[in-house]
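Take the given structure of chain A and dock chain B to it, following the hints.
Protein chains: 2
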Amino acid sequence: MGNNGAIGVFDSGLGGLTAVRVLKKILPDEKIIYFGDTGRVPYGTRSPEIITKYALDDMNFLSSFGLKAALVACGTVSSVALGALRSAFDIPITGVVEASAKKACSLSKNKRIALLATPATVKNAAHEKYINENFDGYSVMGIGCPMFVPLVENAYVARDCKVTQIIADEYISKLREFSPDCIILGCTHYPIIREVILDSARKLLSDDIQIVDSGEEAAHEIKHFLEQNNLFSDGQMGCVEYYVSDEVYGFRESASLFLGENIESVKKIDITSYHYTENK
Amino acid sequence: MGNNGAIGVFDSGLGGLTAVRVLKKILPDEKIIYFGDTGRVPYGTRSPEIITKYALDDMNFLSSFGLKAALVACGTVSSVALGALRSAFDIPITGVVEASAKKACSLSKNKRIALLATPATVKNAAHEKYINENFDGYSVMGIGCPMFVPLVENAYVARDCKVTQIIADEYISKLREFSPDCIILGCTHYPIIREVILDSARKLLSDDIQIVDSGEEAAHEIKHFLEQNNLFSDGQMGCVEYYVSDEVYGFRESASLFLGENIESVKKIDITSYHYTENK
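Residue numbers (this note's numbering), protein chains in the order written: chain A, 1 to 280; chain B, 1 to 280.
Honestly, the hints are just simulated from the structure, not real lab data. Please note that the accuracy of each hint is not assured.
No copy labels: a pair is met if it fits in one copy or bridges any two.
As the list claims (entries may be wrong) - Using 25 Å as the maximum straight-line C-alpha spacing, the simulated DSS-like pairs for lysine-lysine come out as follows: (1) 25 x 267; (2) 109 x 223; (3) 123 x 268; (4) 203 x 162; (5) 223 x 103; (6) 162 x 174; (7) 123 x 267; (8) 162 x 103; (9) 223 x 31; (10) 174 x 123; (11) 123 x 31.
Next up, chain A with everything else stripped away, as it sits in the complex:
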């Protein structure tokens, strides 16, 4: 007995693919529906009100597929709007905050954890709240990194990309006095430039710095949830369907490059026609 419902995953753009890549590997028999809100990316420089509004629309679209679980593969939405999503939809929803915060606490020896994330996520301090409530003696310092999402979305992702290196150094250098031994990549776009961030952190902080990838940890949490609730699929072929809110062309190209394989099925949808209203 299993459940052949789909797992819904969404992000503001390409970032959530860092979670999809892991999901495909650890749950090869599952059907995954991915939505990237490329018509409204970026999220992390916007206000909580706008982010929540967009997130409700996104989940409203995904919920039309009859999901058995959903993964909010966007650090900003997970930090700012997870409560609103859980109130609005009767679907088990996993965000990227808790799993990455837990992992960081298990890795950090000096109990000083850095969070690199969008300005909205840093302002919301969801990681810090979760860690303070569940673990003793840890301190968290968040650094808002508003340029990382545009850099990733515009393909400034090579390890030797000078611009991305300078911007990474600018953000990482703010952590020197705090001297963390573990960094949470609190936005799922950031693992795409993981090597640049790691080089900068080794240079400016410590050779032994640990990096936590939010999307990866959340993917493992989804697997754990399916296992515990006996919701694994039952003999179906695993697949991923991709949906975006702007032209498929740019997304297909970047996504294929990033996932290391061709993406066949990408469809454009009109996200404004999935506008969420409370009394629906």
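Quick look at chain B alone, frame taken from chain A:
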């Protein structure tokens, strides 16, 4: 006899303020309503369909003020959606393409004109079409500059900003073989980093390079239009009201810095409630 109606101006974000700055100077007695769609910025990396949709909403909001004229202070919308706006609204609408193209033709001696603009504007080639239809012997080369808007919106605007210099050099170096003597800043965000662009162009192209600011030229065109149609205001106090589609805080700060004066009146509106439908 005059007309005390307002002049509506909109852009995806901060960029249109480069036109407002000039409008305030040359038309000090006019009432200006500015809308910056900060909840959906940037426009120039999106598809024509999404850009047109957003532009119709924006003008729909502005039209609620009973305008005597409108200035589309967004290079992307002026290139991609001006026709759609003019069909949909019974308001005299000026874009930034024609005025800047005319000015560039008057300045260029070697008849090779470069266009720095968003990818959407470059793809649309509205400047080139207009020049080919109205002037003889000019060639136009467009370079898409997708990073300039995020850099400006995130305040990487100082003349000595290394990152903006590197990105500017990357774009300008694509023009070396073409060797233009005039560059149109086809996006109204770009004059905010005019000095960086100019330094790069002088270094990589020529000391005598001319720069055309689209917003400035369009502001002069609006003045000319009011003059010709006897629409100048009649003794009212000039003022600017600012509206945005996300939090006012960030906008107020950046805008004040850029305009060199405090902005008192900024209001946030819900742009999705001004959704344009043909049969309205």
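Consistency of the hints with the structure:
1. 25 x 267: within (23 Å within a copy, 48 Å between copies)
2. 109 x 223: neither (27 Å within a copy, 66 Å between copies)
3. 123 x 268: Between copies, since 20 Å is at most 25 Å while 32 Å is not.
4. 203 x 162: So residue 203 and residue 162 pass the 25 Å test inside a copy (15 Å) and across (20 Å) alike.
5. 223 x 103: within (16 Å within a copy, 61 Å between copies)
6. 162 x 174: Both ways: residue 162 and residue 174 sit 19 Å apart in one copy and 18 Å across, limit 25 Å.
7. 123 x 267: Between copies only: 22 Å across, 34 Å inside.
8. 162 x 103: Close neither inside one copy (31 Å) nor across copies (36 Å); limit 25 Å.
9. 223 x 31: Result: close within a single copy only, 13 Å intra versus 59 Å inter.
10. 174 x 123: within (16 Å within a copy, 39 Å between copies)
11. 123 x 31: This pair counts as neither: shortest intra-copy Cα distance 34 Å, inter-copy 36 Å.
Violated hints, listed in ascending order, are 2, 8 and 11; each of the other numbered hints is respected by the structure.
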